[in-house]
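For the protein sequence lines, the chains are A and B, in the order given.
Per UniProt numbering, residue 1 is the first one in the first sequence, and the count goes up by one each step.
Per UniProt numbering, residue 1 is the first one in the second sequence, and the count goes up by one each step.
If you are wondering where the hints come from, they were derived from the structure by calculation, not from laboratory data.
Since the structure is predicted, the reported quantities are computational estimates derived from the model, not experimental observations.
Every residue gets a Cβ at the ideal spot worked out from N, C-alpha and C, and that includes glycine.
Take the hints with a grain of salt, since some may be wrong.
Going by beta-carbon spacing under 8 Å, a handful of chain B positions derived as facing chain A [to be verified]:
| # | residue |
| --- | --- |
| 1 | Met5 |
| 2 | Asp22 |
| 3 | Glu24 |
| 4 | Thr26 |
| 5 | Asp46 |
| 6 | Lys49 |
| 7 | Pro59 |
| 8 | Met63 |
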Amino acid sequence: MAAMTREETEALIQEVLEVYPEKAKADRAKHLAINDQSLEKSNKCITSNRKSLPGVMTIRGCAYAGSKGVVWGPIKDMIHISHGPVGCGQYSRAGRRNYYVGTTGVNTFGTMNFTSDFTEKDIVFGGDKKLAKCIDEIETLFPLNKGISIQSECPIGLIGDDIEAVSKVKNKEYNKTIVPVRCEGFRGVSQSLGHHIANDAIRDWVLENRDGDESFPTTPYDVAVIGDYNIGGDAWASRTLLEEMGLRVVAQWSGDGTIAEIEKTPKVKLNLIHCYRSMNYIARHMEEKYNIPWIEYNFFGPTKIAESLRRIASHFDDSIKEGAERVIARYESEYNAVIAKYKPRLEGKRVMLYIGGLRPRHVIGAYEDLGMEVVGTGYEFGHNDDYDRTIKEMGNATLLYDDVTGYEFEEFVKRVQPDLVGSGIKEKYIFQKMGVPFRQMHSWDYSGPYHGYDGFAIFARDMDMTINNPCWKSFKAPWKTEATESEPVKAVA
Amino acid sequence: MPSVMLRKREDGKLLFYIAKKDLEETIESLEFDTPDRWGGEVVLGDGSKYYFEPMDTPPKIPMTLQAKRLSE
């Protein structure tokens, strides 16, 4: 199918909206848009960060997911208590694949689930005593933890437990950082508020712990990698590039990160933000309080990597600028080989994305490097500023969908007929059963890393093995297939 | 009275950011912008107007300030 014109896209949106009742239709219409590169501001064409409609299948998560799952969870040497009923913690345990180095259960706790396991009794009489006991047990069983965060689940806010008081008492008793996080799931409209709450908790309880302590030796080349959650090893693939160009990475927020790194972040010279949506709050705070500038960067695909490396280097002296050029030159033959191998197999393929808060725009460059085209993209929980940044990345007349519903997404895919859909686990099997190649773009489908030059090679291989998988031709029963043979896939160069 | 975080963009323009409202806009004009008086009415990129209590010295940016929203 050829690229759609503006009118066709408009007609498609109208057709999809047709099934809704009048009121729902008016509301959903604001969240679906046709990209127009001439616009400076996204609020002219799309509404975002609004409450989902009751009755539609939204794909969003909750504030607890944003705080415990995204921001706090990957900090490996802290124990994160899922305070409340057992399910929230258990069903999200270790699903995000933030890799880390350490001995789980001894000095790192990333893939474990700690919960206060609320029962009816705790709802009636309050759970503060149980929380205190929980912290005592943690200190006995896991004495090498470097701190504890209390991630509130819905009932905590509803029954009005005072987790701050418990934290203060236990903080005195054990002399360890204990952070109460008010990230009850019902707060806000999506996980996005959870990110904000988590950022604010770091700001209030952790960040200033080492203010006035100058014992940490600094260099002019200190940076912090913020908003990289090390999914499948992403942060490691990014870190090697930064170190190779001569920078010193002091902290990783928060993939494979430690609380000590977070406490040292106010001493860096520049904050590098990968996931803008989940960590811009803390970067803005550090800019104001510690005068640390921050920039966004993008390590998906060689074009964007080179752009980002040069952009990062421009904040430093000539030795780093040379370093950036050296890194780009060093990997040039490597990524050109990847493109030469996979581009002939992937050229012209069309992709539809629906991901969280950063990848809907960040991975576009990587697909384009492989000669693919992104024909539709959307955010689960993006805000206006995310769409502002997306408009320029996407082609004209492509689809933009905010907080897309299950029904809309299916209909869009049926009509646009992309060669690949990139979204999450909940969408995966629907589209695979429809015969559309699918990659999970939250967890890299158990692959990764996709960041950096090393990651790009894996990204290209994964896209190829998904799209050109022979299974997609076997979808129709042999006696139902027509005699026409499709052209064979080009062999690997 | 929203708290507004002010910061300088790379090209030198002032950015006006209200976290609660998801609003990030450039400042197009500022009523007083001299070394001995700063503040007053500001007009943003989207045309909305806010008001900073005038100060005797310009604030050290980045900084969070209280602003008043002016109706059209």
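Going through the earlier hints one by one, which of them does the structure break, listed in rising order? Going through the list in order, the structure violates hints 4, 6 and 7 and respects the others.
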